[in-house]
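Since the structure of chain A is provided, determine the placement of chains B and C on it from the hints.
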Amino acid sequence: MLEKLMSIDRRIIFILVALAVILPTLIPVSMPISVSEPTQKLYDYIETIPAGGTIMLVFDYGPASLAELNPMARAIMKQCFAKDIRVIGLTLYAVGTTMGSTLIQEVVEETGAVDGEDYVFLGFRPGLELVILGMGTDITSIFDRDYNGKPLSEIPMMQNVTNYDQVDLLVDLSAGSLTEAWITYANVQFNLQIAAGVTGVIISQMYPYLQTGQLVGLIPGIAGAAEYERLIEAPAKGTLWINIESFVHLLIIGLVVIGNIAFFIQRRREE
Amino acid sequence: MSKTIQCVVVCLVLCVSLAFSQGLSPPSNVTAMDTPNDDGSSVTIKWDAAPEDSGISGYQILRRIAGGGLEEIGEMLPAGATSYVDATIEKGNAYAYIVRAVSGTEATVDSNETAPAKGTGEWFHTGKIPLFVAMIVFSIAVMVSIYHARSGQEVFIRRIPGLEAVNEAIGRATEMGRSILYVLGLGGVSGAATIASMNILGQVARRTADYETPLHVPCNDPIVMNVVREMVKAAYLNEGRPDAYNEENIFFLTDSQFAYAAGVDGIMLREKPAAIFLQGTFYAESLILAETGNSIGAIQIAGTDSEHQLPFLITACDYTLIGEELYTASAYLSKEPMLLGSIRGQDWGKMIIFAAIVLGVILELAGISWITTLLQRVS
Amino acid sequence: MRRQVPLILCFVFGIVMIFTQFIPHSLSQSLHQEVRQWYLIIFPFALVFSSIALIRTHVMRIRRRTEHWRYSFLIFIGILMMVVIGVPFGPQHHVFEWLFNNVQVPMDATMFSLLAFFIASAAYRAFRARTLEASLLLVTALIVMLGNVPVGDLVWNTVFAWLPWENATSGMKQWILDNPNLSARRGIILGISLGVISQSIRIILGIERSYLGGGD
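Residue numbers (this note's numbering), protein chains in the order written: chain A, 41 to 311; chain B, 7 to 385; chain C, 3 to 218.
Keep in mind that the hints were calculated from the coordinates and are not lab data. Keep in mind it's a predicted model, so treat the numbers as computed, not measured. Each hint should be verified, as a subset may be incorrect.
Partial selection, computed: residues in chain A whose CB lies under 10 angstroms from chain B [to be verified]: (1) Ser-217; (2) Ala-221; (3) Ser-244.
Idealized CB from N, CA, C, for every residue including glycine.
Pulled out of the complex, with its shape left as it was, chain A reads as follows:
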């Protein structure tokens, strides 16, 4: 029995994890969410941007990370549109193009934001740091048209935006190392203020930049997305999913505790 508890078949663990996800999805529960400091910092920073200001929202992620990063993007866009802050969407990751355009359309349908006045989606250009550096001098040298092919010179909200000097903040939503590229090239070389929203597995990678002030704020994983939804008072998928995640965490903790109890009993007996 003890042996069995110490080495539960991984397939049983997989079934338990599946149940821990499916059951709370069918019977949703609600738990109070406390806001962490990095999320609060980003929210506060955007709140200080005056109406008519501009932020860049970078969709540096693919479909695999949409569960964590889409709720963040949605919440940030809602906050910006409510405050009359303009949003320039773009991506350095080819697959991010469809992610960004689809999500923006969804938010636009909810908020009634106007293309070219409240937001513009520039799409994707290859070249990573070349794109970042190029936009620091002149955005039109990299993106002369938006995703729909309209020249930037004909887009009203881009009339006074030449480079990063006219951008109040860049929020990079990333599942990899692209946030570091934005910090290295846009923050260090052009002094552009940068914040990030990242997936759970790379949260700890971002903390050094948060402490040095190179990131003005950080949305950490789905927990951060739920916190942001609480801050803008619009609970959505982030809130639902963090509650589900609670059950999976409890299951893992339970498994670890069971394994350790069995381990201790066995060690006592051996002694």
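Quick look at chains B and C alone, frame taken from chain A:
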């Protein structure tokens, strides 16, 4: 009569603007100069901060090209601004500037015009002097250590179990008659971890060439695939076994992160390699790969500089090279004195940083912050 | 000669690229940009070679009727479908978008979600309090796991309501991330950075030649 009316109108306008601009003093000490440490594409304008009760609500910068008229540049700056970088200049032209203070009632008052300034590209970035010195010191430490190692001085290098296990893993695969799977991660060819991984692969390939053990390398990056093909081929040639080299075993899978993970998992489950090397840059797919490898009972040696993935790899793999161990692997495996010497140089660099940290902490505690200030000034 | 040319090129470009970091002059910066653009130009060519290699591998598989050879047809169907729609009509085309949203999105999301299952099984296997260090790791992991989800604070605020600290689980998690985690990471990052510099010096000076297949 008309002249009298004109005079009255001009006087009235002057009186009105005076009344509006009453108390609004022009920005003082306005200077324009070439922006230091840039490529010559900008001019920096500076002025003194206005007192709090000045009534200024913002500043507008005006620019004049020699012999031309004044033009407004950029958007209105906030009241607290004391400098502006004009990055819209044309190289070679001299520009003079005026800073216009604007009050809440939209009354304006202009500063004196600055002397003309040109943008000039600098040949050395003075803000990077500490960085340059650090680079020179560290390079010298590495090169001196290499020189000493070359002259026959023995270099001690601590035992790294993950690297000791490389030969064991290859031997085991050979004995079992199964293949070796080498995963280079998701990094591009310019990534330091990918290069380090390729260096290890070079060593592994020499041994698999000797033992005639099949070596499979699924690649995520097209350039990496082409480079790896060339280097593995060269390794087999150097070992005198060109016939054992099979180009088809080094192939491009996909550049999509999770499709790549699915593909590699599929290879693991079908081929059941006896040894798996996970060396390079990894993201969220690391645990998916390592757990699948674990489930088929392969001996797994991982190594990454993606420190956020280390917990996953340590949990699921038999051996894990942590951070810098990945970069010492090539020297450790080849035992070449010159490569080993560079590792000693690396340790000297670490000692210098360690000493700077300790000294910095002591000085900070004593209220002296010049090390912190120096480091903060590095551009 | 076959060895010397790449080594000389490596040395020259290595040194030039280092110095462009310290020379802000436009000549130096345009040289830096130029070299980076060469990389961009190389990429599509390499992609073509790799795609040819991929197609050849699967053609061989079909020809030799190796195990699971029928799946190779799926590769060709996938490539053809996306190329036929994507190249002439672009990614904005509704069929391309439909395929992306209904094929690639669920497949990628499925692969990523496997992580939850694997984390559970790996954590169960690895977190055993065998030694003092392992016990510390275990306790830290439990606190971070609890602090990362709302249930952690809920449990704390209910069970320890009599204590003056509200939301202490997430507070402890934040402290762990901000302090022990950050200092350990900085140490590892310093080591990695020195390792990268040392490796770069070895490659630039031509001492490290493993990437050329070893030998002299």
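task = May I ask which of the numbered hints given earlier this structure violates, with the numbers listed in increasing order?
result = Structure breaks hint 2 only.
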